[in-house]
Every structure is written in C-alpha cells, then in structure tokens.
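So you can see what is in the structure, the chains are spelled out below.
Protein chains: 2
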Amino acid sequence: MNLLKNKIEDEGVVLSGTVLKVDSFLNHQVDPELMMEIGKEFARRFKDLGITKVLTIESSGIAPGVMAALQLNVPLVFARKRKSLTLSEGVITSKVYSYTKQEENTISVSSKYIGENDRVLLVDDFLANGQAALGLIDLVKQAGANVAGIGIVIEKSFQDGGKLVRETGYRVESLAEIQSLENGKVTFKQEGARV
Amino acid sequence: MNLLKNKIEDEGVVLSGTVLKVDSFLNHQVDPELMMEIGKEFARRFKDLGITKVLTIESSGIAPGVMAALQLNVPLVFARKRKSLTLSEGVITSKVYSYTKQEENTISVSSKYIGENDRVLLVDDFLANGQAALGLIDLVKQAGANVAGIGIVIEKSFQDGGKLVRETGYRVESLAEIQSLENGKVTFKQEGARV
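Read top to bottom, the protein sequences are chains A and B. No gaps in the numbering here: position 104 of the first sequence is 104 in the working numbering, and each next residue is one more. No gaps in the numbering here: position 44 of the second sequence is 44 in the working numbering, and each next residue is one more.
Some hints could be false.
Note that the list lumps identical chains together, so a pair holds whenever it fits in one copy or between two copies.
[As the list claims (entries may be wrong)] Straight-line Cα separation of at most 27 Å, DSSO-like style, residue types lysine-lysine; simulated pairs:
| # | residue 1 | residue 2 |
| --- | --- | --- |
| 1 | K112 | K101 |
| 2 | K5 | K21 |
| 3 | K7 | K40 |
| 4 | K7 | K101 |
| 5 | K185 | K112 |
| 6 | K101 | K81 |
| 7 | K5 | K112 |
| 8 | K21 | K189 |
| 9 | K7 | K112 |
| 10 | K21 | K112 |
| 11 | K5 | K101 |
| 12 | K95 | K21 |
| 13 | K95 | K81 |
| 14 | K40 | K163 |
| 15 | K81 | K21 |
| 16 | K189 | K163 |
Hint data in this document are derived by calculation from the structure and do not stem from the laboratory.
So that you can see chain A by itself, here it is in the shape it has in the complex (with noise of 0.2 Å):
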C-alpha cells in the first residue's frame, strides 16, 4: 500500500535496528484519511471471507480497526489490555507479552461480543514478534469463533511474529513490509516476496 509506505518513509523515524517509532500518524497522533484508505484496503483484501465482527486490542489497533469495520460493515470489537471493573462476567483473557514495553499484559474480551457464529477479522498496528496477535487468535478460538484471517498495518518482517503466526495458517495481510531498519533507513521487502 503506496501511500502508507510513502507516509513511513516520510515520517517514521527510525530509533534503532528493530524499533521504528511512527507516532506522527498511527501511534499517538493519527492520520484519519490515511486510517480510512487503510480500513478500505482491509476490507478489499478480506472481503469474501464472510467476516461478522473485527477485532483489535486497545489502543493503536483502533483507529484503524473502526475503519475496516466500517467499511466491511460489522462491529468493532477491542481487547482490553487490563481488567476493567465494570468488565467481570463472561470474559475472555489471554496473556501477552510485550518486547517493547518488557512486561506482560493480560488481554480480554467479552463473550457477549464474540460467539460461535462469528467469523473474526484481527487487526493490528503492528507485527513484530507477533505475541499480540496469537493474543488474539487464542481469545477467539476460547469464544468458540473462527479467525478469517490477520490484518496488520505494519510488519517487521525481520523479526519472528510473521513466521510464527503464519505458522497457524491463517491468512495474514500486512499493508507494509519491513525487511530492515539497519543504518537508520526503513527498507521494504518487495511486493509478493516472502522471505
């Protein structure tokens, strides 16, 4: 997707060998016409797999995630990274563990909101090493529900999350693929390459 590797280029700013911060549009401020282009870019790619509901996990998956339900017209639903009080019966958990900020999260959801009849649509800002979205797939498979598949924003493809979660054989999309962050540049992989 050319014009969200155009905005990384432009505005990502590269912190090390495995860390790109992107927080002038995903991550803290956010582009909306760029989350539009993507939630319609989504429900392009995963618009035949019968999808009932999206879900993401609380807080970047969101943006993006409202935009994909919106477009293929089905409710969002958004993991909770800690219980919430008024959150008790019926729920879901699964524990997370997350590199960048080194510790683990208990993830949640409700089972009011994802059932047996659903076909589930993952989305995520980011793949990496991939805990967060085995996070996921495990809560749906807990509710009984069927994972259609994985949409990521950005995937890091030198670290291990795509190959792990690939693995599964869910079909993963990521909008952007980055092969490399070394020498502070951002190198994409090559359309249809998989390393």
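The hints should help you fit chain B onto chain A, whose structure is shown.
Same frame as chain A, now just chain B:
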C-alpha cells in the same frame, strides 16, 4: 442526537444510579456507523471554530475522536494514560483521577503534536465528574494551544463534571445528556434545558 439516544435506550445497561454501561456500541464493542454519525455531528457543531486538532484520551475516545477528526479534516491526537517507553522527550503530563476505576492516571501528550498555533477540539466518550476533560484542558494549556471546544458523546448531567467544565468558559457540546439513571431507567434531559 436521536440515533445515539435510541442506541442508549435499546442497549445501555443501567448498573446503578450512577453507572451506565454502553459496552455494546462504545466502550468495548464499537458501532462504526454510529461513530461516523457522531463524528459528523461533532463536525457540524464545531465546524466554524478553526479547529486544527482533535485531542482525546485512550481508549474509548479514539473511535469517536478519529471520526470527528476525519470530518473536520484534521489530525487526531490521543493522550496516553501512562508513559510509553518510546514517548519521552517533550512530554506534557497531567494527573487525572478516575472515580470509575478508583485510581489516578497520568495522562500525557507529546509537545510535538499540540503546539501554540493549535485550536483543539477535545473529544471524550463520557462526561461524569469532569476529571478527564479538565486534564485534557490542562494539557492543551500547558502546550500553549487553545481549546476550541469540548465534544462529549454521553454526559451524565446529574454529576458535577458538566458544571465544572462549563465554568472554565469553554463551549461543551454533549450529544446525549442523561438527567437520571434512577430506578434502572435512562432519563434524558430535555433538549436545550440546562439544569
């Protein structure tokens, strides 16, 4: 906004005389079409104020916030509830006490994304005790920017927040104003009435 009021009547769960749960369309599951209509309504009410940014707080403010930003054709910024490892330099913070969660959060925003030339529309899901809105106002003031207005999805008019926030002199627009949750029933304030 009747679409929203109807949704609250149909799906809102009154947990007590002060707590309304709207997890089916705003706080956990999100209705993207409703969020789009909410975004349009905020844009309609605030369109002539020269707004340059929409500012909200993660997580439940993001969906209505991104739709308002889309309609106003400006970026969204979401304040974080705790400091991130990759957000350090130039961080503006304010303390916000949550009565719902009974804890104090430090909300933060990068000074990169709210500056002295900005006219900021604050958007949040609920106005109850007003602490979140006052925290957002404080962030904008610290950044040297101007508050153009405050857009609230659901105001619990029987709590102090509306009065506290209106006393600051800023324009507050709430799309649904709830006068009472007594006897397990949602009673809306009459349009135009100010208690």
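Hint by hint, here is what the structure shows:
1. K112 with K101: So K112 and K101 pass the 27 Å test across copies only (22 Å; inside, 30 Å).
2. K5 with K21: within (14 Å within a copy, 39 Å between copies)
3. K7 with K40: both (17 Å within a copy, 26 Å between copies)
4. K7 with K101: Within one copy only: 25 Å inside a chain, 37 Å across chains, cut-off 27 Å.
5. K185 with K112: between (44 Å within a copy, 22 Å between copies)
6. K101 with K81: Both: 13 Å inside a chain and 14 Å across chains, each within 27 Å.
7. K5 with K112: For K5 and K112, the Cα distance is within 27 Å only across copies (22 Å; inside one copy 37 Å).
8. K21 with K189: within (18 Å within a copy, 45 Å between copies)
9. K7 with K112: between (37 Å within a copy, 17 Å between copies)
10. K21 with K112: Classified as between: cross-chain Cα gap 13 Å, same-chain 35 Å, threshold 27 Å.
11. K5 with K101: So K5 and K101 pass the 27 Å test inside one copy only (25 Å; across, 39 Å).
12. K95 with K21: both (25 Å within a copy, 25 Å between copies)
13. K95 with K81: both (9 Å within a copy, 21 Å between copies)
14. K40 with K163: within (25 Å within a copy, 41 Å between copies)
15. K81 with K21: both (21 Å within a copy, 19 Å between copies)
16. K189 with K163: For K189 and K163, only the intra-copy Cα distance (15 Å) is at most 27 Å; the inter-copy one is 54 Å.
Checked against the numbered hints listed earlier, the structure breaks none of them; every hint is satisfied.
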